[in-house]
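**Student:** Going by the numbering used here, the residue at position 42 of the sequence shown is 42; the numbering climbs one at a time, nothing skipped.
If you are wondering where the hints come from, they were derived from the structure by calculation, not from laboratory data. The reader is advised that the hints may include incorrect statements.
Unchecked claim - Just the calculated beta-carbon pair ranges, DEER-fashion:
1) 49 / 23: 26 to 32 angstroms
2) 20 / 43: 26 to 32 angstroms
3) 25 / 48: 16 to 22 angstroms
4) 66 / 41: 24 to 30 angstroms
5) 41 / 19: 17 to 23 angstroms
6) 20 / 49: 26 to 32 angstroms
Bear in mind that the values here come from a model prediction, so they are computed numbers and not experimental data. Ideal Cβ placement from N, Cα and C applies to all residues, glycine included.
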Amino acid sequence: MVQRCKFSGEPICQILEEQTGERVGSFGSSGQGPGEFIATEFIGKTEGDDTLYFVNLPSTVLLYAREEKSADSPMVNW
Numbered sequence: 001m002v003q004r005c006k007f008s009g010e011p012i013c014q015i016l017e018e019q020t021g022e023r024v025g026s027f028g029s030s031g032q033g034p035g036e037f038i039a040t041e042f043i044g045k046t047e048g049d050d051t052l053y054f055v056n057l058p059s060t061v062l063l064y065a066r067e068e069k070s071a072d073s074p075m076v077n078w
C-alpha cells in the first residue's frame, strides 16, 4: 500500500505493509528545494502492481517507482 504525504519535507510515498499498516519504506520528498517534488500526483500503475507512475506538476516530468524483489530478503524495495 502506498500512502501520500501530507506535509512539506515528508516522504512523497510511504510504503505500508498491507496487513498491519506498518511503514516498511518510503521515497521522494515534498517541498520547494532541489530534488524535491512540488505537487506530485499519482497517475497509475502497471497491471502487475510492480511499477507506480507519478507526474511532478506543474511540469510534465513523468516519474516512476519500480518494485524490486530480492531473493535474499522478504522485503520489497522501491
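**Student:** Now tell me if each hint is right for this structure.
**Tutor:** Taking the hints in turn, this is what the structure says about them:
1. Between residue 49 and residue 23 the beta carbon distance is about 18 angstroms. The supplied range of 26 to 32 angstroms is therefore violated.
2. Between residue 20 and residue 43 the Cβ separation comes to about 28 angstroms, which falls inside the hinted range of 26 to 32 angstroms.
3. At about 18 angstroms, the CB distance of residue 25 to residue 48 agrees with the hint of 16 to 22 angstroms.
4. For the pair residue 66 and residue 41, the supplied restraint of 24 to 30 angstroms is violated, since their beta-carbon distance comes to about 18 angstroms.
5. Taken as a hint, the range 17 to 23 angstroms is violated for the pair residue 41 and residue 19, whose Cβ atoms sit roughly 27 angstroms apart.
6. For residue 20 and residue 49, the Cβ-Cβ distance of about 19 angstroms falls outside the hinted range of 26 to 32 angstroms, so the restraint is violated.
Checked against the numbered hints given earlier, this structure breaks hints 1, 4, 5 and 6; the rest are met.
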